[in-house]
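Visitor: Join these two chains into a complex; the hints should help.
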Amino acid sequence: MQKMQLVASTAHRQKLLDALQALGVMELTEVSRGNESKPEAKVEAAHSAELAIANIDFVLKLISPFAKHRGLMDGPLTMKIEDVRKKAKEFDFQTIVDKCKSIEETIVNLKNEHASLTATQEMLEPWQGLSMPLDHIGSTKRTTTIIGTVQKTSFESLKEEIEKLLNLVNIEVVEETTSTVYLALTYVKESERDIKEVLMMHKFSEAGLPAASHDVQKELANIKTRKGEIEKDLKTQDEELKVIAKDNDNLQVVHDFYVWERDKVYAEQMGYDTQYTFTIEGWVPVKKMETIKQEVQNLTSAFEITVLTPAEGEEAPVAIHNNKFFDQFEAVTNIYGLPLPSEVDPTPFLAGFFIIFFGLCLTDAGYGLVLFVACALALKFVAFPEGTKKLVRLVMLGGVVTFVLGALFGGWFGMTADQAPGFLTYLNEEGVKTFKFQLVNPSEGSGPLTFLIIAAILGYIQVLAGKAVDGYWKLKQGRFWDAMLDSFLWIYFLIVMGMFGVSKMGLFFADDAQTITYLLYIGVGALILTQGRSQKNIVLKFFSGVLSLYGIVGIFADILSYSRLMALGLGTGIIGFAFNTIAGLVSGVPVVGIIFAIIVILIGHTLNIAISTLGAYIHSSRLQFVEFFGKFMEGGGRPWKPLKKACKYIVITN
Amino acid sequence: MEIESGVALAVAGAAMAAVLGGIGSSFGVGLAGQAGTGVISEKPELFGKILLLQALPGTQGIYGFLGALLILIKIGLIGGAPIEIDMSTGWQFFGAGIPVGLAGLVSGIYQGKVSAAGLNSVAKDPANTGKAVIMAAMVETYAVLGLLVSVLLIFGIKVA
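Protein chains in written order, with the numbering used here: chain A, 6 to 659; chain B, 324 to 483.
Isolated chain B (complex conformation) (with noise of 0.2 Å):
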């Protein structure tokens, strides 16, 4: 009963890391995108370079999916035979899932409402993408950073 219990908080702790990152990423694109359509209805030459600044609140997602992944690697569901999980390790990679997800979430949000206002400079000089790009990218360092505590704990716990 107990081990089977580690392994349901180690599955929660992966889908809250894919989950949180997916919601975070979702609302940024999305804002991003409506900047966006209102955009290429002007100019639409411009496709590529906001198709660009729409990509960028991506990444949060991606990380939670990375996140998700590795645990789920580790607690060998994927590729490979579940390994027997007691209530503490479980917890361990419950923890874990927290800063990518977390991270993702709130910065997805925020990134996406830069590069919503960043596609508003884009639309009057073009030649300001590369600024608005670098503007958006300050916001997700923090989902970085929040991938690179997540990934160091899940290597870093040990399991039997």
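Here chain A stands alone, though its shape is the one from the complex (with noise of 0.2 Å):
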């Protein structure tokens, strides 16, 4: 990445900022302005391009459920950028917005009007049998009428008392349920006060009702046909938006088309204006310098670009850019996070490790080429995005070293070779049924504790190739005692301890352990004074020194943890297994066994390859992040994120 400077002249400004958001290879910065503030007129443009991008967003809301969709199949929308500024002139998508806008009003007010009738209406429903109509109920000169519900417990004791205290009092049972009885009470005023307190005695709880010149049953009759009204209304807002639903994609254009409007009036924001000049500062990578040069001169012959030194703690945006085949491996990256400008880009040193944990977590030749020939199948017929895409490649690839180190390990779909077809097995030397290629048999006698022996090592091999990396990429950056002493000691270190494990086994080097001994000895002196040589004192650094030995239990640690490999590896094997075990036993049952098994064939194993790539791909993750980026880097880079032509919608073609 590099600092770039462009000077040129205020009337080529749109021209040259649209040629470098069409590029897309210039993160903006903020030129520096002093004291001043920014012009009043940019931040109203920003406003109004960002007010039509909200609008547009709110139609295609609005619209959303009438609208045609593209399906996975179709792909996205593909246009070039001239029709996209066309599209933009021509469509009046204003008037759709304030036609959207009165149909949303509308269609909630229409919504809250029906809400509210629904609640009057439950309200009124227990009241169906009130013979009076509704403005009855209330106080006339002599007498008041009240209704409300009470317990049906307290009901007959509350009539017993009310009766008692007058005759002149009417009690209309209106309703009766299990629990609650509905009541209308007519009484006159002078009691009134006699009548409220036995009533409260009671729990007896008033009811209010909309006031209406007709009985209940009228009332719910006009309700009902109002709610038939407005759900008639409502249906006619929702044809008016299948209309404007039409216009989907047109809108979709025009939304991305003022996004890039937006995002230049930002970068417009971010220069600084002279009477006749405007200056914008960026990062770009160093490779797409000649390329902007090449593009402004086209536009203009007046122009400056000039190479900035970053200012003291201006940390550089972070990119990362691989070859064909390294670039699907960006995909575990990416997850991870990328880099700091002054660290090396792993991903072409994972891909190799990745993969084959991938594939060893798997371990099924028919896993493998199942996952081979969806994900192929898949990049043939759906259109995905650039990242997804990246993905499906990579585990595609995974596929076909699983299906390699499924065949090592004899992993097909989770069969026994007495279970498989003949086409692929063959008798060995002592007449046992074996599969062909296979050289570890993981799930019998010491199968699992070769692959335990496989994962350990190929974990002892990531150990060391980060320590190489980290060393690699010191001496590149002319480190050469750091790189020496950090990372190659420790390699020369392990590599003996390596030889002096098996040398103790009696595997290899038996008779050379003495010199081994001797070379561990030199490796743990060497640890011992170098490692604590950025202390001042001599004796914190003896002990710095000492104390540095404990990384071993780290590195061994590290190492233990690719066991994983061979439990996953085996636990895919075994669920497939157990599969094909129950539908074996199932198939026994008559006539529609075998139906039965074919159904839990399909089920249990589509279940497992699901379960297990998921595991494999995290798992193998996993190892790279904490086990291997560990040694060498550190991470937390800020992505580099150019001025561009951004599309939600679309996807823009030469």
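Hints were generated in silico from the structure; no laboratory data involved. A quick note: this is a predicted structure, and the numbers were derived from the prediction, not measured. Honestly, I wouldn't trust all of these hints.
Said to hold, decoys possible - Pairs of lysine-lysine residues, derived as DSS-like cross-links and limited to a Cα-Cα distance of at most 27 Å, are as follows: (1) A:Lys73 with A:Lys394; (2) B:Lys397 with A:Lys441; (3) B:Lys366 with A:Lys73; (4) A:Lys146 with A:Lys201; (5) A:Lys438 with B:Lys481; (6) B:Lys447 with A:Lys66; (7) A:Lys653 with B:Lys454; (8) A:Lys395 with B:Lys454; (9) A:Lys85 with A:Lys293; (10) B:Lys447 with A:Lys646; (11) A:Lys649 with B:Lys447; (12) B:Lys366 with A:Lys251; (13) A:Lys646 with B:Lys454; (14) A:Lys438 with B:Lys397; (15) B:Lys366 with A:Lys653; (16) B:Lys366 with A:Lys66; (17) A:Lys106 with B:Lys366; (18) A:Lys247 with B:Lys366; (19) A:Lys395 with B:Lys447; (20) A:Lys395 with B:Lys366; (21) A:Lys116 with B:Lys366; (22) A:Lys394 with B:Lys447.
Claimed, not checked - If you want the footprint, here are the derived chain B segments under chain A, 3+ residues with CB under 8 Å: (23) 388-397; (24) 449-461.
Said to hold, decoys possible - If you want the footprint, here are the derived chain A segments under chain B, 3+ residues with CB under 8 Å: (25) 575-584; (26) 619-630.
All residues carry an ideal CB built from backbone N, CA and C; glycine is no exception.
Guide: Structure follows, in structure tokens:
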């Protein structure tokens, strides 16, 4: 990354920004403008673009249920930049926005009314038996009528007590449910106080109904009619939205266009203007400097491009770039995040390990084949976005590796050799049926141990590789002694440790045990003498050196962590085997048994592939992030975000 | 008499592996599911990612099931004739069921908690999904190791 400054005539600003945006190779940074504040007009321009985007978003959301959406197979809408611009000029989205706003308001009002009518309806329903018109509830000159509910258990005593109190009272039972009695009560006003007291004692709760000159039945009928009208109105609104939804594609195009416009306005704001010129600054990949120069030259001759030295403490953004083969592994790196600008891109280094680990976590040739075919078909027929495409390509490659490793470990859909079809197996020297190409049988005899040792050896190699990458990068940065003492010394030590281990076990180098022990002493001595070199005090130097030997424990723990490869690999096979066994059991059922068996096999293996692939991807990634990256990078780089024609809905073609 | 109790112990070991792992996963998937349903109410378009995070603590149950099944196959209760097992071997199978069961129980619950917390960060920014998944998978390591030990033990136990 390089920091670049471009100065040109204000007259060409729009043209230049547009060209830069189309190239998408420059991340703009704020040009220092001292104490001056931003010019007012530009803020307004940004707001108007934001408003257009928000409005179109609103319309798109409103018409979404009626729009014809593109299927997975169709792929996104592809367009040339020129056509997008033309469409945005021609297409009158403002009218649609206004219309949608009014439709939305109508819909909200109608729905609110509908809801409140439903509430009233529910309130009225128990009172259907009330014989008087609704406006008779309340007071006349002499009497008062109230309605309300009381618990069924207290109704009898309530009635008795009221009737005892006075006889100028009328109690009408309107409705009775299992728990509640609905009453209408008419009494003379003079006894109001006494009656209220009795009512309160019996927990009578007064009901309020809407006023009307007719009875409840009529009111309910009215509500029903009105609700019908509202529902019809809502349908009409939907019809109108359906018509607008035909412009879904156009609206999406205009949406993306205004996103570009907004980004350009923001870009303009980052720059600095004099009377006749404007200045913008930003980060550009070194390789793209020429491209920018060419492009600007095509548009104007009055310009100046300079390379700036970044200010103290200003950190460059990071973009990783890999060739056609390695770029699919960026899907792994991107989960962790980017390296710092001073660090190496780990993608090409993790690639080989990741894909082998992935295969080992599955170790089933059949599953590998399924993954490969499924991903290949998906790539052919489904239009994935760029990031997802990398992931699918990676899993496809993983399928190939899984196929090979699976064959070596004799994994074929979790079958045992006896269950497998004849073309996959042969009789070995001992007359035992064995899979072709099988080198290790992970579920029998010493097989699991062999698998575990393979996993540990791979871990050992990756730990060494991590240290080697660290050393390589330090050398490249000219930190010769750091590379030698922090990386290569450890590699030497770990290799000697490994040799020491195998010679003690009597596998190799058994005769050279003495020499190896000396080599080991040299390593320990060198570590103690050098690892504390950053300390000032000689005693601290020594103790730091001794303490550094503790790092071996960490490395040992790292290597043990790779045993998960074996556990997951074994797990895949055993789950598959389990489903085969279950299928075998149900196939014994007469007539339908075979159908059940097929269902168990299909669902079981699909489930197993899904779970195991997920586990394989996650755990292979984790081994990179925790065990491998830790040896040579810290991460946390800020992703490079160039000014570009960012699209949510469309894809730009040339 | 002696022989039968050996089988009973082995079966108890298998049951323990499946049950403890299953309990761990039930807790875990349940916890993550509760958090996930909350997120769905706000952002239904994230369903796929949420489901992924919810499914993660489910592996412990599968590992437990796997351990149980291996024991049952080894003692011939599935796909073969039951073999005679003495008390000592029965205890060995019982012990072999413990690592995958207990490690699954505890790690399932905690993985569920991490998944649920991860769902909150996915709700804020769906780009966090990968990171949230890896965080949850860190807890799973110990269930994997438990399975590893159980499998090695079961393979290693000598039966007549």
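Visitor: Each hint needs a verdict: does it hold in this structure or not?
Guide: To see whether the hints hold, each was checked on the structure:
| no. | hint | in the structure |
| --- | --- | --- |
| 1 | A:Lys73 with A:Lys394 | holds (24 Å) |
| 2 | B:Lys397 with A:Lys441 | holds (25 Å) |
| 3 | B:Lys366 with A:Lys73 | holds (21 Å) |
| 4 | A:Lys146 with A:Lys201 | holds (18 Å) |
| 5 | A:Lys438 with B:Lys481 | holds (23 Å) |
| 6 | B:Lys447 with A:Lys66 | holds (20 Å) |
| 7 | A:Lys653 with B:Lys454 | holds (24 Å) |
| 8 | A:Lys395 with B:Lys454 | holds (17 Å) |
| 9 | A:Lys85 with A:Lys293 | holds (23 Å) |
| 10 | B:Lys447 with A:Lys646 | holds (20 Å) |
| 11 | A:Lys649 with B:Lys447 | holds (24 Å) |
| 12 | B:Lys366 with A:Lys251 | holds (26 Å) |
| 13 | A:Lys646 with B:Lys454 | holds (20 Å) |
| 14 | A:Lys438 with B:Lys397 | holds (20 Å) |
| 15 | B:Lys366 with A:Lys653 | holds (18 Å) |
| 16 | B:Lys366 with A:Lys66 | holds (14 Å) |
| 17 | A:Lys106 with B:Lys366 | holds (23 Å) |
| 18 | A:Lys247 with B:Lys366 | holds (24 Å) |
| 19 | A:Lys395 with B:Lys447 | holds (24 Å) |
| 20 | A:Lys395 with B:Lys366 | holds (26 Å) |
| 21 | A:Lys116 with B:Lys366 | holds (23 Å) |
| 22 | A:Lys394 with B:Lys447 | holds (24 Å) |
| 23 | 388-397 | holds (count 5) |
| 24 | 449-461 | holds (count 6) |
| 25 | 575-584 | holds (count 5) |
| 26 | 619-630 | holds (count 7) |
Of the hints listed earlier, there is not a single one the structure fails to meet.
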